[in-house]
Amino acid sequence: MSLIDFARPEARLAPESGIVAVLNYGRTREGLIPLWTGEGDLPTPAFIADAARQALADGETFYTWQRGIPELRAALARYHTRHFARPFQPEEFLVTTGGMQAILLAIQAIAGQGDEVVYLAPAWPNFAGALGIAGGIPVAVTLDHSGNGWSCDVGKIEAAISPRTKALFINTPSNPTGWTADRETLVQILDIARRHGLWIVADEIYTHFHYGEGRAASFMDIMNDDDRILFVNSFSKNWAMTGWRVGWLRVHPELQQMFENLIQYSTSGVAQFMQRGAVAALDHGDPFIFEQVARARAARDIACDILGATGRANFAAPQGAFYLFFKVDGVTDSHQAAFDIVDRANVGLAPGTAFGAGGEAFFRICFHRRLDQVEEASHRLAGWIRGL
Numbered sequence: 001m002s003l004i005d006f007a008r009p010e011a012r013l014a015p016e017s018g019i020v021a022v023l024n025y026g027r028t029r030e031g032l033i034p035l036w037t038g039e040g041d042l043p044t045p046a047f048i049a050d051a052a053r054q055a056l057a058d059g060e061t062f063y064t065w066q067r068g069i070p071e072l073r074a075a076l077a078r079y080h081t082r083h084f085a086r087p088f089q090p091e092e093f094l095v096t097t098g099g100m101q102a103i104l105l106a107i108q109a110i111a112g113q114g115d116e117v118v119y120l121a122p123a124w125p126n127f128a129g130a131l132g133i134a135g136g137i138p139v140a141v142t143l144d145h146s147g148n149g150w151s152c153d154v155g156k157i158e159a160a161i162s163p164r165t166k167a168l169f170i171n172t173p174s175n176p177t178g179w180t181a182d183r184e185t186l187v188q189i190l191d192i193a194r195r196h197g198l199w200i201v202a203d204e205i206y207t208h209f210h211y212g213e214g215r216a217a218s219f220m221d222i223m224n225d226d227d228r229i230l231f232v233n234s235f236s237k238n239w240a241m242t243g244w245r246v247g248w249l250r251v252h253p254e255l256q257q258m259f260e261n262l263i264q265y266s267t268s269g270v271a272q273f274m275q276r277g278a279v280a281a282l283d284h285g286d287p288f289i290f291e292q293v294a295r296a297r298a299a300r301d302i303a304c305d306i307l308g309a310t311g312r313a314n315f316a317a318p319q320g321a322f323y324l325f326f327k328v329d330g331v332t333d334s335h336q337a338a339f340d341i342v343d344r345a346n347v348g349l350a351p352g353t354a355f356g357a358g359g360e361a362f363f364r365i366c367f368h369r370r371l372d373q374v375e376e377a378s379h380r381l382a383g384w385i386r387g388l
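In the working numbering, the protein residues as written are 1 to 388.
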């Protein structure tokens, strides 16, 4: 036996990221246009970095509040009050080491060995992977796909619920599909959770990246104070802070001490100087968000026009997020094809196999980049498609 045989099966069998496999294969290629990961190309704005830099200069490098510094929790309350048209209090928020830790804490709080959580697929793989490592069982409910795009049959969610189900994980706007729930769909999902006594883990990180009017619909628009909803979020997307690893949880104040304990026994909090940057992002970053969304909308239209002109790329323009999830006539193995695209088109994208059930024949490109790069990458992909 080897050493790894003595590790927990859940850890030993954790799947390799299908996105990272392609990224590692192509990341050193000269001239490659990287559209594989879920981030833009802009560095963090100076007004955010300057706030963190000043905090470092001021010596804010000591242990700090486990729940987040009071100034950041107050800024989170102001931000939500501003964008969701209802009052929020600092006591509803905890600061986490990125959105991924927010998800991990939510899993630790509500699901364990043998517990099931229903989620919508195709999906960003990290939630299902993290739940599996914790001993839980992810149960995929596939979104429906047609020429009109992706849609959610809420009846399929209810049919997937069993006596072992503890929660529903709902990501809207969706990574990778761009599916975005309307208010009525959220009402129906919340009604299912209430009737079955389930938690909802709401991943609404792309709320502002919505290509209808204003932000996307949110569970915050329809919930009651006593609903069992945990909101997981991150500074990564809105404010170009992916490498900072700062996120947050929004929970009922009754759950604050429990989540503080979970933070204490995992990371023991987020560096205070980084939290100062996050305060600046929340209080002064709305114009930057709106500029990013406008640019992403333009990039989406460029990619859709060029790939659509091939007549062989099948997709509907995404309603939200900043990904185009498309399939190509005649291509069934997106994993192998993603490596071929690196070799022949010099474009990096994510294979749909990385996103689980329903995504196998698709590819995901992140179009949240400079418009000239998106245009060039789309032409390269169109050339690859025509050459098949």
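Mixed in with the good hints there might be a few duds.
To be verified - Taking lysine to aspartate or glutamate pairs in the EDC-like style, the calculated list, with each CA pair at most 20 Å apart, reads: (1) 156 with 116; (2) 327 with 286; (3) 156 with 144; (4) 327 with 343; (5) 156 with 213; (6) 156 with 182; (7) 327 with 301; (8) 327 with 144; (9) 327 with 291.
Everything labelled a hint here was simulated from the structure, so no lab data went into it.
Broken hints, by number:
2, 5 and 9
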